[in-house]
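> In case you want the letters, here they are:
2 protein chains.
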Amino acid sequence: MKQRPLILVTNDDGITAPGIRQLIAVMNTIGDVVVVAPDSPQSGMGHAITINSTLYLTKIKVDDGPQQEYQCSGTPADCVKLAINELMDRKPDLCVSGINHGSNASINVIYSGTMSAAIEAGIEGVPAIGFSLLDYRWEANFSILTPFIEKITRKALEHKMPHDVVLNVNFPRCEAHEIKGIKVARQAKAHWVEKFDKRRSPMGKDYYWLTGEFINEDKGEDTDEAALTENYVSIVPTQFDLTAHHAIQQLNTWGLNE
Amino acid sequence: MKQRPLILVTNDDGITAPGIRQLIAVMNTIGDVVVVAPDSPQSGMGHAITINSTLYLTKIKVDDGPQQEYQCSGTPADCVKLAINELMDRKPDLCVSGINHGSNASINVIYSGTMSAAIEAGIEGVPAIGFSLLDYRWEANFSILTPFIEKITRKALEHKMPHDVVLNVNFPRCEAHEIKGIKVARQAKAHWVEKFDKRRSPMGKDYYWLTGEFINEDKGEDTDEAALTENYVSIVPTQFDLTAHHAIQQLNTWGLNE
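Chains A and B, in that order, give the protein sequences.
Final position of the first sequence in my numbering is 258; the numbers increase by one with none missing.
Final position of the second sequence in my numbering is 258; the numbers increase by one with none missing.
This is chain A alone, in the form it adopts within the complex (with noise of 0.2 Å):
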């Protein structure tokens, strides 16, 4: 790439969230860097997008540097449509999400606010990587992930991104030197089981909490649940096309049309 790349950069914790503000700082060594993030916290927001409501987009500036910063009033697959389709004048080379406070590894990537926003750009035919740190903290350190970040983001750029797919990239919570290496992975199958906090509100009405716990029933060597407990850096290359095509032969076989 002769210039500059163009890249955006957003994320599911709001615009003032360490994790983006680090990743930011990042991306500013890299190319020109615009900010298009939600205004409040998205954490768990799924691909949601807003469709019965008003979107508000508004210039700030949180950080000194060169970045161009917008904060939005909608989700993150939200600012990615109107950063792309709205704001820039050309289709950025790259977008990136995150830092995430907390996994997006296994099943939580259908869940991620963060992982929906590089889908968004994916599906906009961006190439697009989710950054996530499996540490929940706002005060999480995230200035050691620097090199390894660059890296990753480098060699998307200097490579071709695989057709239709996205890199959901984690990272263990460790120290510096402890981290191992990077490993292409698949998702763990995994899953969340579920325990309702059921509590009474000062009205005298009941309400619910979601907690849970993470089970990973998943024993493979080749996941990304795997390479993190190792202290690796797990890459997940993640498709938006979700037909199980394996499946199709078997339902042929139902007699649907009998």
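It cannot be assumed that every hint is accurate.
Identical copies look the same in the list; a pair holds intra-copy or inter-copy alike.
Unchecked claim - The calculated lysine to any residue pairs, modelled on SDA-like cross-linking and capped at a C-alpha distance of 20 Å, are:
(1) Lys198 with Ile51
(2) Lys91 with Arg4
(3) Lys151 with Glu178
(4) Lys189 with Ala247
(5) Lys195 with Ser53
(6) Lys91 with Gln71
(7) Lys189 with His245
(8) Lys189 with His246
(9) Lys180 with Glu150
(10) Lys205 with Asp39
(11) Lys91 with Gly212
It should be emphasised that the hints constitute simulated quantities derived from the structure, not laboratory data.
Remember, it's a predicted structure, so these values are computed and weren't measured experimentally.
Could you slot chain B onto chain A? The hints should help.
Just chain B now, with coordinates in the frame of chain A:
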């Protein structure tokens, strides 16, 4: 199946929508029905879940019939989590979601609350089917779909559902006698070209409405869009392992650990 199957019914258009009322009526002829559906429309919610707020679950009765009904303040995925993990005495034999007012074929599956409910059930090990009609109108004619919904549901209960797969069923918008049959298909590669409608509020602030045009660039004859265009009912087996397995090898040539 010797006893009557236990069937969970949900949707994303809200518990009073004509689509879910029709689906409940059909399911009452097949099994014992528990309805847990959003108390307000949730279209476009994707796989959103409620993690930073509370959830309410309220027993109600919208229509006569043997079904038990509950409305929930959360998203379609929340409804399924609450139903399976908190409300129901045993795991349902089937979860059906819909009938959605509007298409969930091709890329729409990504944004769909209807399909996120079915996928959530699938993740929790419950066979699941999402039903959608290519007609956005509240007064759409759902009754002509009854024989197809009944057949697909009975076949799914008779046969073993493919492992970790849920069904995305879409109905063409046409007269009953024009429906040619049922086709198992793959998700068409299509996308929305967004056009934002920019307006100014009475307070002088700019805002946007998301609008868009659906573009199907996939000319394959084996897609859901092709089947629907020819007035077939389309069934796409849909998975929640998003790994692009074919891309792993390519990423391993990037020299990520050099």
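> Against this structure, judge whether each hint is valid.
Evaluation of the provided hints:
| no. | hint | result |
| --- | --- | --- |
| 1 | Lys198 with Ile51 | between (32 Å within a copy, 14 Å between copies) |
| 2 | Lys91 with Arg4 | within (14 Å within a copy, 54 Å between copies) |
| 3 | Lys151 with Glu178 | within (18 Å within a copy, 56 Å between copies) |
| 4 | Lys189 with Ala247 | both (18 Å within a copy, 18 Å between copies) |
| 5 | Lys195 with Ser53 | between (32 Å within a copy, 15 Å between copies) |
| 6 | Lys91 with Gln71 | within (19 Å within a copy, 43 Å between copies) |
| 7 | Lys189 with His245 | both (18 Å within a copy, 14 Å between copies) |
| 8 | Lys189 with His246 | both (17 Å within a copy, 18 Å between copies) |
| 9 | Lys180 with Glu150 | within (16 Å within a copy, 54 Å between copies) |
| 10 | Lys205 with Asp39 | between (31 Å within a copy, 16 Å between copies) |
| 11 | Lys91 with Gly212 | between (40 Å within a copy, 17 Å between copies) |
The earlier numbered hints are all upheld by this structure, with none contradicted.
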